[in-house]
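Protein chains in written order, with this note's numbering: chain A, 1 to 475; chain B, 1 to 501.
Worth flagging that the hints you see were computed from the coordinates, not collected in a lab.
Check before you lean on any hint, since a few could be wrong.
If you want the ones that stay clear, here's a sample from chain A, every Cβ over 10 Å from chain B, calculated [claimed, not checked]: (1) S2; (2) E283; (3) V463; (4) P466; (5) R475.
Computed cross-link-like contacts, EDC-like style, restricted to lysine to aspartate or glutamate with a CA-CA straight-line distance of at most 16 Å [what the hints assert, rightly or not]: (6) K2(B) <-> D458(A); (7) K4(B) <-> D458(A); (8) K213(A) <-> E24(B); (9) K207(B) <-> D270(B); (10) K260(B) <-> E406(A); (11) K49(B) <-> E136(A).
Glycine included, every Cβ here is placed at the ideal spot set by N, Cα and C.
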Amino acid sequence: MSTAIKETQKMIEEVLEGYPEKTRKARARHLAANDPSGECSTCRVKSNVKSRPGVMTVRGCAYAGSKGVVWGPVKDQITVSHGPVGCGQYSWWARRNYYNGRTGIDTFGTMHITTDFQERDIVYGGDKALEAALNELRELMPLARGIGILSECPVGLIGDDIEAVAKKVSAEFGYPIVPVRCEGFRGVSQSLGHHIANDTIRDHVLGRGSMEKSTPYDVALIGDYNIGGDAWASRKMLEEMGLRVIAQWTGDASVNELGIAQKSKLNLIHCYRSMNYICRHMEEKYGIPWVEFNFFGPTKIYQSLRKIASYFDDTIKENAEKMIEKYKPLMDAVIEKYRPRLQDKKVMLYVGGLRPRHTIGAYEDLGMEVVASGYEFGHDDDYRRTYPEMKEGAVIMDDATLYELEEFTRRLRPDMVGSGIKEKYSYHKMGVPFRQMHSWDYSGPYHGFDGFPVFARDMDMTVNSPTWNLIRRKR
Amino acid sequence: MKIKDHNELFLEQEYIEQFKRKKEFENPWPEEKVQEVAEWTKTWEYREKNFARRHIKINPAKACQPLGSVFCSSGFEGTMPFVQGAQGCVAYFRSHLSRHFKEPMAAISTSMTEDAAVFGGLNNMLEGLRNAYSLYNPKMISVCTTCMAEVIGDDLNAYIKQAKDKGLIPEDLPVPFAHTPSFVGSHITGYDNMMKGILSAVTAGKKGGPNGKINIIPGFDTYTGNYRELKRLLKIMDVDFTLLSDVSDVFDSPNTGEYKLYPGGTPLNDAADSVNAAATIALQKYSTVKTMSYIRSEWGPEALVLSPIGVRNTDMFFDEISRITGKPVPQEIEDERGRAVDAMIDSHPYVHGKRFALVGDPDLLLGLMSFIMEMGGVPVHIVCTNGDKKFQKEAEALLSESPFGQEGTVYPGRDMWHLRSLLFTEPVDLLIGNSYAKFLWRDTGTPLVRIGFPLFDRHHLHRYPIIGYQGVINMVNWIVNTVLDEMDRKSMNTTSFDVIR
Numbered sequence: 001m002s003t004a005i006k007e008t009q010k011m012i013e014e015v016l017e018g019y020p021e022k023t024r025k026a027r028a029r030h031l032a033a034n035d036p037s038g039e040c041s042t043c044r045v046k047s048n049v050k051s052r053p054g055v056m057t058v059r060g061c062a063y064a065g066s067k068g069v070v071w072g073p074v075k076d077q078i079t080v081s082h083g084p085v086g087c088g089q090y091s092w093w094a095r096r097n098y099y100n101g102r103t104g105i106d107t108f109g110t111m112h113i114t115t116d117f118q119e120r121d122i123v124y125g126g127d128k129a130l131e132a133a134l135n136e137l138r139e140l141m142p143l144a145r146g147i148g149i150l151s152e153c154p155v156g157l158i159g160d161d162i163e164a165v166a167k168k169v170s171a172e173f174g175y176p177i178v179p180v181r182c183e184g185f186r187g188v189s190q191s192l193g194h195h196i197a198n199d200t201i202r203d204h205v206l207g208r209g210s211m212e213k214s215t216p217y218d219v220a221l222i223g224d225y226n227i228g229g230d231a232w233a234s235r236k237m238l239e240e241m242g243l244r245v246i247a248q249w250t251g252d253a254s255v256n257e258l259g260i261a262q263k264s265k266l267n268l269i270h271c272y273r274s275m276n277y278i279c280r281h282m283e284e285k286y287g288i289p290w291v292e293f294n295f296f297g298p299t300k301i302y303q304s305l306r307k308i309a310s311y312f313d314d315t316i317k318e319n320a321e322k323m324i325e326k327y328k329p330l331m332d333a334v335i336e337k338y339r340p341r342l343q344d345k346k347v348m349l350y351v352g353g354l355r356p357r358h359t360i361g362a363y364e365d366l367g368m369e370v371v372a373s374g375y376e377f378g379h380d381d382d383y384r385r386t387y388p389e390m391k392e393g394a395v396i397m398d399d400a401t402l403y404e405l406e407e408f409t410r411r412l413r414p415d416m417v418g419s420g421i422k423e424k425y426s427y428h429k430m431g432v433p434f435r436q437m438h439s440w441d442y443s444g445p446y447h448g449f450d451g452f453p454v455f456a457r458d459m460d461m462t463v464n465s466p467t468w469n470l471i472r473r474k475r
Numbered sequence: 001m002k003i004k005d006h007n008e009l010f011l012e013q014e015y016i017e018q019f020k021r022k023k024e025f026e027n028p029w030p031e032e033k034v035q036e037v038a039e040w041t042k043t044w045e046y047r048e049k050n051f052a053r054r055h056i057k058i059n060p061a062k063a064c065q066p067l068g069s070v071f072c073s074s075g076f077e078g079t080m081p082f083v084q085g086a087q088g089c090v091a092y093f094r095s096h097l098s099r100h101f102k103e104p105m106a107a108i109s110t111s112m113t114e115d116a117a118v119f120g121g122l123n124n125m126l127e128g129l130r131n132a133y134s135l136y137n138p139k140m141i142s143v144c145t146t147c148m149a150e151v152i153g154d155d156l157n158a159y160i161k162q163a164k165d166k167g168l169i170p171e172d173l174p175v176p177f178a179h180t181p182s183f184v185g186s187h188i189t190g191y192d193n194m195m196k197g198i199l200s201a202v203t204a205g206k207k208g209g210p211n212g213k214i215n216i217i218p219g220f221d222t223y224t225g226n227y228r229e230l231k232r233l234l235k236i237m238d239v240d241f242t243l244l245s246d247v248s249d250v251f252d253s254p255n256t257g258e259y260k261l262y263p264g265g266t267p268l269n270d271a272a273d274s275v276n277a278a279a280t281i282a283l284q285k286y287s288t289v290k291t292m293s294y295i296r297s298e299w300g301p302e303a304l305v306l307s308p309i310g311v312r313n314t315d316m317f318f319d320e321i322s323r324i325t326g327k328p329v330p331q332e333i334e335d336e337r338g339r340a341v342d343a344m345i346d347s348h349p350y351v352h353g354k355r356f357a358l359v360g361d362p363d364l365l366l367g368l369m370s371f372i373m374e375m376g377g378v379p380v381h382i383v384c385t386n387g388d389k390k391f392q393k394e395a396e397a398l399l400s401e402s403p404f405g406q407e408g409t410v411y412p413g414r415d416m417w418h419l420r421s422l423l424f425t426e427p428v429d430l431l432i433g434n435s436y437a438k439f440l441w442r443d444t445g446t447p448l449v450r451i452g453f454p455l456f457d458r459h460h461l462h463r464y465p466i467i468g469y470q471g472v473i474n475m476v477n478w479i480v481n482t483v484l485d486e487m488d489r490k491s492m493n494t495t496s497f498d499v500i501r
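Chain A with its partners taken away, still in its complex shape (with noise of 0.2 Å):
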């Protein structure tokens, strides 16, 4: 075992301390120093598994993952959060998955639309009124292609049927009415919301939808929310390659391309944590093969679309060539400016979904290095897909709490922090740089050529504010 990955062992180990016994053994399986070459046996970490009470994890809920992430974006679809107010509340238009359409009239993706449960719910069960609202919608809105329910906690604990409901009136209005069972106490994380939400789309949609020609270039967008923009950045450049992105899931997605990606030729995977379950399914369904891409910074976008025209013809994979040399002088240009006010400086990353493993490139493009990075919701598969993209003896944390959070940047002295936004303040008191890797701190796009200048300058304006400088006062 190397001396750097004894030396953050030991500095797990005092973390550990603060907690008391159980909760102290709990917590070390999910810390671990990182072993690039997997033969180190104590280094790899625990994950998907409950979080401790008490312990102020930064996870959310099934709802979280079925609503805020995969469903939410469908814009012609109402999601209806089904139950009382709040979970529709909170998470209204608050990940910034850009969509084209007239908000109210064909698209419905900025609002918050909810049966806002009663006591007289909970106690007669909310079926009935279900069905009503379902009714109440059709009329005022009579655009949607479909409708979401999204089960909040109490649906799922008094014996709801939202089914059957579902079930009747999807054949009254022609549409699917999609019953999504993903109560926030069920699972662990948001990640079993993702993949009852995957389930759903399976079980509702795919297969339905219409597309009247078919190409071999045809490819499904898969796994990209369109966060600030990113998955029209990366569609670009799927088409300048000469591909024909059939289906965009789910940023800025119609219920129709939800329906028809099982005639792709090939699905195209971002977020390997919150869609693979639907790659899988119509790898063994319709035999679609999948990849997993990521676009985020120079050196993995070469090597992405490389691999992506790897399964093409000639056309496509001269293409991938010409788009390189086309771009590789644009990404030289941003690294040369903003290299030199960069390098060296170090990254801790807390997140969720891909960016955790996928962003390293990017920062690496710009000379820092990540010297801790974790999951919210990851599983074994996100952790082996990390270890080789970090250092030996850089930190590994599933499901971090607040308290592991601010000993780690006591004791590793980030130069940056990327993590979400129930953390950005209290770095900001701690006059530790930060930005919100969830929604790229209102900033974006970050996917592809168009995004990487973004990423740059954001991450630049972030270590290189003055105002930092301003905390401590000269005197």
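On the provided structure of chain A, position chain B as indicated by the hints.
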């Protein structure tokens, strides 16, 4: 190097063409159809259909009980808000409050999952209390519930007792609690329940001789500027007071390079002693109903509600404080009043007769209505998603007292999609609401003044008080300059593009 982010990038021709190509797969409605429906939603016919709905809320302006509870708890010294239930809720409360205040917000969840749904949440509570206490060293842990814990019927009182009996937390650690089901009331109800829970816990056995102070309960007030303003004013008046749930330093803490988990709040000793105050004044009524009823019945001395929003309301506030404390209203405050009235008089031509739509919490709406009518403005649509019949009656009475209130209609239980219909069918000059009201601004073109909660898309507004005479000046400033900005926008190509106004 010109770097284009989303604000400019997607206006480029390449992207416009991409969006057109994408339509091939979207099965879109024909543009004429979309246009037709869009126009239809602006009609009286649509408004009637919209108002006929009973079972679905569309863009409601309310949150759920535990949000108000954790907010209330945060304003006490060394207090960790602790929520029994599923963990996503707490992630949401923390995010929501951080987005408004741009401040850290700590709160604990007991992370209940399926097994707790079957067996109850006792084990989660026990482990949660122990972990929270060891890791975060609170002086008080303030417990409320999510709807999950309420539906399965967790018994907070018994669970907390067990935690103490088992020695998981110290016997003398205050652990007040409140049941806060999200399917009853809204965030203001949760604030009320938690405040009552905390006060009844911390004052138990503390009844003694009068301490000569007055208690102030701000209610669900998300303006840190209000708290600071209140403290400033009462200091000028030389009044000894206790602010019950003082979130000002918690949600507006100085940047010192150090993150403090508990940066301020009402000292627990003061909170305990609040039972001995000469009077308790709540600045909001609908977020303190149960608390004030508890204080009236259990504490004895005077308990009244005074909302210092607008000139006359603020006058009454100071008159009452003066009456209770026997201290005169100092000239310094009278001067502030004079300046506020002067500002209103200077700006009145741009507000007089202007028709307003308002959306927000009941107490805020009452304050705003009163202030707007004082300036000669006309409240027309008053939408209050979390308002009840009592609120409606009170608001209607307020409207009936003023010649400027005659056009006003109060809509309790309605939401911002109802308001959209109102704005299309009966247009107004100005809209006051939270950040989500920007969708109404976009759809209907009604200029928006952001007052309320949450304010996500403009920075620092919550630092400026809306209470007291200084609050009047701030509101005059926001309202009149929104009117003038709009006037400029509309007149930029006409002769009316005036420089002096």
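Measuring Cβ to Cβ, find out whether R475(A) lies farther than 10 Å from everything in chain B.
holds (14 Å)
Run the distance test for K213(A) versus E24(B): straight-line Cα separation, threshold 16 Å.
Roughly 11 Å between the alpha carbons, so the hint for K213(A) and E24(B) holds.
16 Å limit on alpha-carbon distance, applied to hinted pair K260(B) and E406(A):
Given pair K260(B), E406(A) holds - Cα atoms ~11 Å apart, limit 16 Å.
S2(A) and chain B, when compared Cβ to Cβ, separated by more than 10 Å
Holds, because the least Cβ-Cβ distance between S2(A) and chain B comes to about 31 Å, which exceeds 10 Å.
Mind verifying the non-interface call on V463(A)? Its CB should be farther than 10 Å from each CB in chain B.
holds (16 Å)
Hint consistency between K4(B) and D458(A) [alpha-carbon to alpha-carbon, up to 16 Å]
holds (12 Å)
Taking 10 Å as the cut and beta carbons as the points, is E283(A) off the interface with chain B?
holds (21 Å)
Proposed proximity, D458(A) with K2(B) (alpha carbon, max 16 Å):
holds (13 Å)
Holds or violated: K49(B) to E136(A), with C-alpha atoms at most 16 Å apart
Answer holds: K49(B) to E136(A) is near 9 Å, not above 16 Å.
Are the Cα positions of K207(B) and D270(B) separated by 16 Å at most?
holds (13 Å)
Beyond 10 Å from each Cβ of chain B, as asserted for P466(A)
At about 14 Å from chain B, P466(A) clears the 10 Å cut-off, so the statement holds.
Consistency with the previously given hints is maintained throughout, with no hint failing.
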